[in-house]
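K.L.:
Turn these sequences into a full structure, and let the hints guide you.
Residue numbers (the UniProt record's numbering): 1 to 301.
One should not assume that every hint holds.
[What the hints assert, rightly or not] As a list, the in silico DSSO-like pairs of lysine-lysine whose alpha-carbon atoms are at most 30 Å apart:
hint : residue 1 : residue 2
1    : K88       : K178
2    : K79       : K178
3    : K95       : K79
Hints in this document: simulated from the structure, not taken from any laboratory.
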Amino acid sequence: MKFPKFDLTLQKKMCKSATFVRMWHVTRRSLSLEHSPAHQFACSQWQTTTQPSTAYLIYRWLLFITVLSTAIASFVCQKIPPRYDGPKIELNYFKWFIYFTNWGFMLIALQALFALTVVLSYRSQKAISNTCEDDDALMPRRQRTPLLCRAYWLTQNIATDLAFVITLIYWTIVYDPKIHDIDALNLLVHGGNSLVMICELIVTAHPIRAAHALYSVGAGVTYGVFSAVYWGLGGTDRFGLPAIYPALNWNHAGSAFGFVALCAVILLLAHGFATCVSAVRVCVAARMRTRTLDRLSLPTH
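P.N.:
As structure tokens, this is what we get:
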């Protein structure tokens, strides 16, 4: 009796294809902005209900107003530094938009707006698609995470990582006492940004995925490309110099590429830090709830 011969080469190809497909699906799930239950985007980690609390709503309003006011003040209060001794220049307010710091702060304001909108929408509708785990059991198919929640999650991820990198790079490389004043506004924009996002990591309930670091790296590379295009078109910084930042001078392309690569690596590390903070927050909250339940379960007589 003869047994059929198997084509080992074909079998290996099929195995490789199956492995590739599995890896693709895993990567796609990791990078997706789908998350259930969606009510976590509207709630604090430190509450027990699936409805956003009044305290959390007040927090969201205060944060949005504070961040927006700081961004507006940063734009309106631009001035030529008193210690600047270079050629005479005229202040161009619109060059505020070319700086990486201000890109990051605009993202912080945008994510604060999205977060506030999610909370207000959740409180008014009593539900945003898949509001709670009990509803999921009644649904034959899990609904997609609402677009507003996905937009909030994406902007918060990027804003968090950029804030950490901006604070680090500014105070270690960019800051020059000859042209930069250490005043309240400067501290808020280049230090308060990181404090705000750390506070967000501690207060919010939705998770931070490690794979989402790629979105932040993409944002950093996008700014690098923008700076190169801006330089190529003859753009200058607020002092009329050809480089927005000394370390990002495209007249020296090699060092500029190196600086962009360095920022990309730091962004990955920053996202790793954010992921760890999020994980610690979840663990601490879970332990606190367990202890509370244990106390409630003790006999009262």
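K.L.:
Evaluate each hint against the coordinates.
P.N.:
Status of each hint after checking the structure:
no.: 1; hint: K88 to K178; in the structure: 16 Å, holds
no.: 2; hint: K79 to K178; in the structure: 14 Å, holds
no.: 3; hint: K95 to K79; in the structure: 12 Å, holds
The structure is consistent with each of the numbered hints, conforming to all of them.
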